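Chemist: Hey, can you work out the whole structure from these sequences and the hints?
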Amino acid sequence: MKFSYYPGCTLRNKAKDLDAYARASAKALGFELEELEDWQCCGGVYPLGTDEIATKLSSVRAMAQARDKGQDLVTLCSACHHVLKRVNDDMQNVEDIRTRANNYMKLSTPYEGETKVLHFLEVIRDTIGFDELKKKVVNPLTGKKIGAYYGCLLLRPGKIMAFDDPENPKMLEDFIRALGATPVVYPYRNECCGGYISLKEPDMAKSMTDKIQESAEGFGAEMLITACPLCRYNLNKTENGLPVYYFTELLAEALGVKEEALK
Amino acid sequence: MSHGTNKAQQIKEISGVNPLKCMKCGKCSATCPAFNEMDIKPHQFVSYVANGDIEALAESKSLWKCLSCFACVERCPRDVQPGRIIDAARQIVVRQRGGNYLTADEIPALLDEELPQQLLVSAYRRYKR
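These protein sequence lines map, in sequence, to chains P and D. Counting the first sequence from 1 gives a position; the working numbering is that position plus 78. Counting the second sequence from 1 gives a position; the working numbering is that position plus 1089.
In short, the hints are calculated from the structure, not lab data. Please read these numbers as outputs of a predicted model, since none were measured by experiment. Hints are supplied without guarantee of correctness; some may be wrong.
[Claimed, not checked] Result set (DSS-like, lysine-lysine): computed pairs, CA atoms no more than 30 Å apart in a straight line:
hint : chain 1 : residue 1 : chain 2 : residue 2
1    : D       : Lys1130   : P       : Lys284
2    : D       : Lys1096   : D       : Lys1217
3    : D       : Lys1154   : P       : Lys284
4    : D       : Lys1154   : D       : Lys1110
5    : P       : Lys278    : D       : Lys1116
6    : D       : Lys1101   : P       : Lys289
7    : P       : Lys237    : D       : Lys1101
8    : P       : Lys194    : P       : Lys92
9    : D       : Lys1113   : P       : Lys237
10   : P       : Lys315    : D       : Lys1130
11   : D       : Lys1217   : P       : Lys278
12   : D       : Lys1217   : P       : Lys284
13   : D       : Lys1116   : P       : Lys248
14   : P       : Lys315    : D       : Lys1150
15   : D       : Lys1110   : P       : Lys315
16   : P       : Lys315    : D       : Lys1217
[Unchecked claim] Across the chosen pairs, the derived CB separations fall in these ranges:
hint : chain 1 : residue 1 : chain 2 : residue 2 : range
17   : P       : Lys184    : D       : Ser1136   : 39 to 45 Å
18   : D       : Pro1166   : P       : Val172    : 46 to 52 Å
19   : P       : Thr205    : D       : Asn1125   : 39 to 45 Å
20   : D       : Ala1145   : P       : Glu113    : 43 to 49 Å
21   : D       : Ser1136   : P       : Met183    : 35 to 41 Å
Even for Gly, the Cβ is constructed at its ideal location relative to N, Cα and C.
Modeler: Below is the structure:
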């Protein structure tokens, strides 16, 4: 089973491990991530302006390439996933954006949102299945109490992201259970980490991650997992906070491919 | 057409939002994680645009406090999407000469060893033209 794969800028730099653990885990689970050629940065945030076309084109190019290869497109970083999925929704449903983007692109076949954009976790849930994942676990993470940190971008807006129930998600808890660990549900798991505010106003971001960390710890979590490099960066700014891991690191560990992933 | 009305029209076009749909329930402000930091609150933003009072919005520090977390967008019972209005007001400001909230010169002093690329590109997109 082969998917087109869009890693995004941070997975080529500060979050190389998020990518490496995912590739090794995919192999262990029986699917392959085929990286798109010449992909470009998604821009990190979805351009909200209805008149912004140029800033949406890197997403369109990636999705058109996957379409031409006849593959679904897999993402890992929450921000890339958010941007690609929302631009795809525009290309499907907003005629003005679709027309102007295609007028600019001049593709041999206009792109109209045909590609299915999937987060890596959706592939595990919907294609592999959590029961099957559980069977492939060789090092169950028994006894670990793990708080899932969803943040904003995977979940909202729920109508477009269609990832999980935006107010009461369970995807990552099911994932944690499949790895043999114990999920800890805490109230701040889908609250914002501060996002890009941490560049110019680190104190404001820290006041937000302090609350998330305190909430998770208060409910008994020993560690947090996330899919987003920026969430992880912000959550790590809380002093004496819980350690924060990429979900793919725990996945690779449970599947017994952690060592070879980083070779 | 006065200057303010013209700008209000621009905000409506860029955001694609119709502020008259708002029923002033205040849920957007109640759910906003940046509420305490904002001088003009999310539900007020909607009224300012409906009333064409754009100068105050352009000077509001709220433009730079919105986190694009989409809590207001998710929870609005009328699908007004206040976050889109705030972004459109931000666009009106940064599209003017000298309107950038972040410049390249500032970046080196803000970097640290762990800072992900994602943070820089995101801040550029929101704060700069």
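Chemist: A separate judgement is required for each hint: does it hold in the structure or not?
Modeler: Here's how the hints hold up against the structure:
1. Between lysine 1130(D) and lysine 284(P) the alpha-carbon distance is near 21 Å, which keeps this suggested pair within the 30 Å criterion.
2. A distance of roughly 19 Å separates the Cα atoms of lysine 1096(D) and lysine 1217(D); the hinted pair therefore holds under the 30 Å criterion.
3. Between the alpha carbons of lysine 1154(D) and lysine 284(P) the distance comes to roughly 14 Å, so the proposed pair stays at or under 30 Å and holds.
4. About 24 Å separates the Cα atoms of lysine 1154(D) and lysine 1110(D), which keeps this hinted pair within 30 Å; it holds.
5. For the suggested pair lysine 278(P) and lysine 1116(D), the alpha carbons sit about 27 Å apart, so the restraint of at most 30 Å is met.
6. In summary, the hint linking lysine 1101(D) to lysine 289(P) is not supported, as the alpha carbons are separated by about 35 Å, beyond the 30 Å threshold.
7. For the hint pairing lysine 237(P) with lysine 1101(D), the CA-to-CA distance comes to about 22 Å; that is within 30 Å, so the pair holds.
8. Between lysine 194(P) and lysine 92(P) the alpha-carbon distance is near 27 Å, which keeps this suggested pair within the 30 Å criterion.
9. Of the supplied pair hints, the one linking lysine 1113(D) and lysine 237(P) holds, its CA atoms being roughly 22 Å apart against a limit of 30 Å.
10. This hinted pair checks out: lysine 315(P) and lysine 1130(D) have alpha carbons roughly 27 Å apart, not beyond 30 Å.
11. Between lysine 1217(D) and lysine 278(P) the CA atoms are separated by roughly 13 Å; this keeps the pair inside 30 Å, and the hint holds.
12. Using a Cα cut-off of 30 Å, the hinted pair lysine 1217(D) and lysine 284(P) holds, with the two alpha carbons roughly 23 Å apart.
13. This hinted pair checks out: lysine 1116(D) and lysine 248(P) have alpha carbons roughly 24 Å apart, not beyond 30 Å.
14. Taking the CA atoms of lysine 315(P) and lysine 1150(D), the gap is about 24 Å. The hint holds against a cut of 30 Å.
15. At most 30 Å may separate the alpha-carbon atoms for a hinted pair to count; lysine 1110(D) and lysine 315(P) exceed this at roughly 40 Å.
16. Distance restraint check for lysine 315(P) and lysine 1217(D): the Cα-Cα separation of roughly 25 Å lies within the 30 Å cut-off, and the hinted pair is therefore satisfied.
17. For lysine 184(P) and serine 1136(D), the Cβ-Cβ distance of about 43 Å falls inside the hinted range of 39 to 45 Å, so the restraint holds.
18. For proline 1166(D) and valine 172(P), the Cβ-Cβ distance of about 23 Å falls outside the hinted range of 46 to 52 Å, so the restraint is violated.
19. Between threonine 205(P) and asparagine 1125(D) the Cβ separation comes to about 43 Å, which falls inside the hinted range of 39 to 45 Å.
20. Taken as a hint, the range 43 to 49 Å holds for the pair alanine 1145(D) and glutamate 113(P), whose Cβ atoms sit roughly 48 Å apart.
21. Between serine 1136(D) and methionine 183(P) the CB atoms are about 39 Å apart, so this pair conforms to the stated range of 35 to 41 Å.
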